[in-house]
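For chain V, the structure is supplied; the task is to place chain L on it using the hints.
Protein chains in written order, with numbering that gives the first Met the number 0: chain V, 0 to 632; chain L, 0 to 204.
Any given hint might turn out to be false.
[Stated by the list, open to error] Listed next, the in silico DSSO-like pairs over lysine-lysine satisfying Cα-Cα at most 27 Å (straight line):
hint : chain 1 : residue 1 : chain 2 : residue 2
1    : V       : Lys482    : L       : Lys99
2    : V       : Lys482    : V       : Lys502
3    : V       : Lys482    : L       : Lys14
[Stated by the list, open to error] To spell it out: a stretch of chain L is covered by chain V in this simulated footprint if at least three of its residues, at any positions, have a beta carbon under 8 Å from a beta carbon of chain V; those stretches are:
hint : stretch
4    : 6-14
5    : 77-89
Everything labelled a hint here was simulated from the structure, so no lab data went into it.
Treat the numbers as computed from the prediction; the structure is a model and nothing was measured.
Even for Gly, the Cβ is constructed at its ideal location relative to N, Cα and C.
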Amino acid sequence: MNGSLLFQAFIYLAAAVIAVPIAKRLGLGSVLGYLLAGVVIGPFMLGLVGQEGEDVMHFAEFGVVMMLFVVGLELEPSLLWRLRQPILGLGGLQVLVTSLVFAGLGIVVGLTWQEAVAIGMTLSLSSTAIVLQSLAERGLLKTEGGQSAFAVLLFQDIAVIPMLALFPLLAAGGSAAAEHHDEGHASTTLIASLPPWAQTLAVIGAVAAIIVFGRFLVRPALSAIAQTRLREIFTAAALLLVIGIALLMSAVGLSPALGTFLAGVVLANSEYRHELESDIDPFKGLLLGLFFIAVGASIDFGLLFAQPLLIVGLVVAIIAVKFAILFGLARSFRLSMDQSALVAFSLPQVGEFAFVLFSFARQEGVLTAALTDPLVAAVALSMALTPLLLVINERFVQPRFGTRKAEARPADAIDEENAVLIVGFGSFGATVGRLLKANNIRTTVLDIDSDRVDLLRKLGLKVYYGDASRYDLLASAGAGHAKILVIALDTPEKTMALVHTAKKHFPHLTIYARAFDWNDAQDLVRAGAHHVYRESVDTALRMGAEVMQTMGFRAYQARRATQTFLHHDEQSMHELVAHRDDQAAYLTNARRRIADLEQLLLADLADADLDRDAGWDPDSLREEVRQQAGLSA
Amino acid sequence: MARVLVLFAHPALEKSRVNRRLLKALPKLPGLTFHDLYEHCPSFHLNVAYEQELLTNHDTIIMQHPLYWYSVPPLLKQWMDLVLEHGWAYGLRGEALRGKQVFQIITVGGPASSYMHEGFQKHTLRDFLLPIEQTARLCRMDYLAPYVIYGTHRLNEDDLVREAVAYRRLLEWVHNNQLPFDGSATQSYATMNEAMSTLAPEVLV
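Same shape as in the complex, but just chain L:
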């Protein structure tokens, strides 16, 4: 049983369509902590000691957020700046996060096809996420390919229902320590969704 921390960052959840539905499907499990950054800390004044304690007490860290300008929402960046301290998270003596699994759950407006070298965005999504990936690596964490919901503007009611079910199953699997791969296994995949459909098709609905 993994202790899972969902680090959720959304500055306007009340306007969200997809994330709100996902959160409704969030399973209530012992050891699964949902940490709503914008709700917890609207002034951006993070309590570093508290945030670090949360990280210490969990094995798997999931950063859930919409993709804003190819990156994370500002509070999540502020969180990275302030919480991942030198000498704690990285540096010679920074061992606090060693070996923890980390991955992102990202909602993306554009379709998957645009995030290709020959596509509209000229780069893959993993290209855009390199800063996060390298941050995780510097903190000696195991970074897995991101779980991505593409084309959020075009999702209809049926799609939303399907995505919510898939989200719930994903969290349950992570919580049960049942992800059958680590970061290096997902390295060659664009998304965790793809990795799962190849490596663990039984997880998918």
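Here chain V stands alone, though its shape is the one from the complex:
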């Protein structure tokens, strides 16, 4: 069993590792890559995976749960409130109209009204997993169309709950739950045996529990865990949180995805948001990938070849009807042509919930296998076609609207990414941050000291907890949109690691780095930091100037002297960099420092003209006047 499990893992991972980079390279996006990988290893082509595909899919659906948690983390409640109109209006109308149209079509082709309604409702849903992943990958999630698509998906996720409740009522014979092979889904809940009022109470209680615990218990708990400074425990806590909520939600018959989404929103204001996001992200990505592979593998090509006209017809009809409704609704909600096209091109597939709903409907006796089998095949195909549709939209449709430029515009109102990222908020970083804040420059702060994070948050500053040399954390803190990275970390090693990470993944950032001495200042310059500040220089010069004053120099002269010296010092440093390039790297650090100092002192001696300002120095003028007057000097 173990061996076969490892073998399966090997097959899935290998398929992903081979197919996804190829799909990305061809500009098709990772989702299509996963789907194709699934098709290739599935029963239809290589047959490396077979019947267990469906189990894998149930397992991998947890990726959707995690994805919604992460989506929730990025959505502050205020933003959600601002989206209420598209969620309720656009989302609500989309589900209603699409359900009615499909139900009507069903009745026209001779289904009973119960069957038609069940199928209509199921087909109205779209695939959260595929759409969000595809849009995020293309950077379209923050556009108006992307936000509208997201709003529709959110409403659909909520709408699944009443649908699950409605299906038993549609069952003609009322033959409740004949065969419960679909464990883990809403059909088997702990509270199913309770009377309806108690069930309602349990549902409301669970939602309230998530909000209350998220706000008052999870935050201090995370803070305590962060203080242990064991990253894997924090990761464990993040996973525990998501799995716990998913279990709670399943127990009361709600969608686990919805529950974790809610938890994400509750925690979106927390200082641990970035850390949670980057901990969950890899799991989410892998599970979603697995899910897409499973969808690819589950496409029943046998059925497709047996009834090609029926299946293809179904797919075309589904996509065409949903596309038309989406486009019309988006236009009526005053979206521009290009953004409406984006909404319509992203959402016309049927979602993963269809698999759940169809099997649930079969158990409840609403639909028969003869009806659902071709529909399931059509659903899977429609999902597989989504990335292709998005490619068509991107390559052939959007250019016609001439909107590529508009999309490149930095995302604003919806997502307030700050232009300046300060890493390290000790006394050095805090001084920089306070100066910027006093002048109304918004900054995002990252710090590894959880006590300090707590304190600063109490003072109302926006500070996040985490190790910034991790690529994922930098990304979730908005390094992709920021312009400036201020590094004020306490050690040269950490500073260097961060410069390397930033240079590699975010080359657009202008790096301002705190340095400690000559040595690491030069290393930082070589590593590509744009502006390097030796932390002791300005303070030392100020101290030197005051010593000069005590020794009888006038204040302004002392100040000018420090400025001249600073200029000279910076020039010497650049010369030193060149000088060190000739010098062999075999010198030890200590030897190097002595050699540097020698070089510097020599440069000071050579530049004897350090005090210039001859304009205030009347010597030459006096000499000339005396010469003209015939006086001797």
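Chain L only, in chain V's frame:
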């Protein structure tokens, strides 16, 4: 084609109304150098060698600044003190600036009518600018009457647009070596604007 250096001095450009608009209209021309003193040297610590090199490399020097207490902003005065060195800019051997054209572009809050002997300010603007004029003369430069935008507090949006266009045209003309007069020709005029309207009306918009 003259090499033109715009020596710009404004301690609070972010609060400026007129100069900011003028700078937006600043033409981008080869050989026209815009040198923002307060931006380049906020600590007043001028790099004299660098500033002198800039002067050497240009034929026409334009000092653009608002009028503060009938004079130039302090950094421009500091610049004069330190950059115009004896033995370089003036004195027996001070020949570095000989023959270069120099004039000011000045924004003035009060109206033109107040800068008259019988007006509110009791003196003409050229009276107030005598120190600059004489400095230029001592440095053997050709000092032209200043280009002045008067009454800046009262300028409305249309005026600003008009002034920006005129400013752009002026710089283009100077850059093309098309100013049809020298310092002595403008001597009797209060401003370059006046000299132009008489001597070269086609330059004006």
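Self-check item: Hints not upheld, ascending by number
Solution: Hints 1, 4 contradicted; others consistent.
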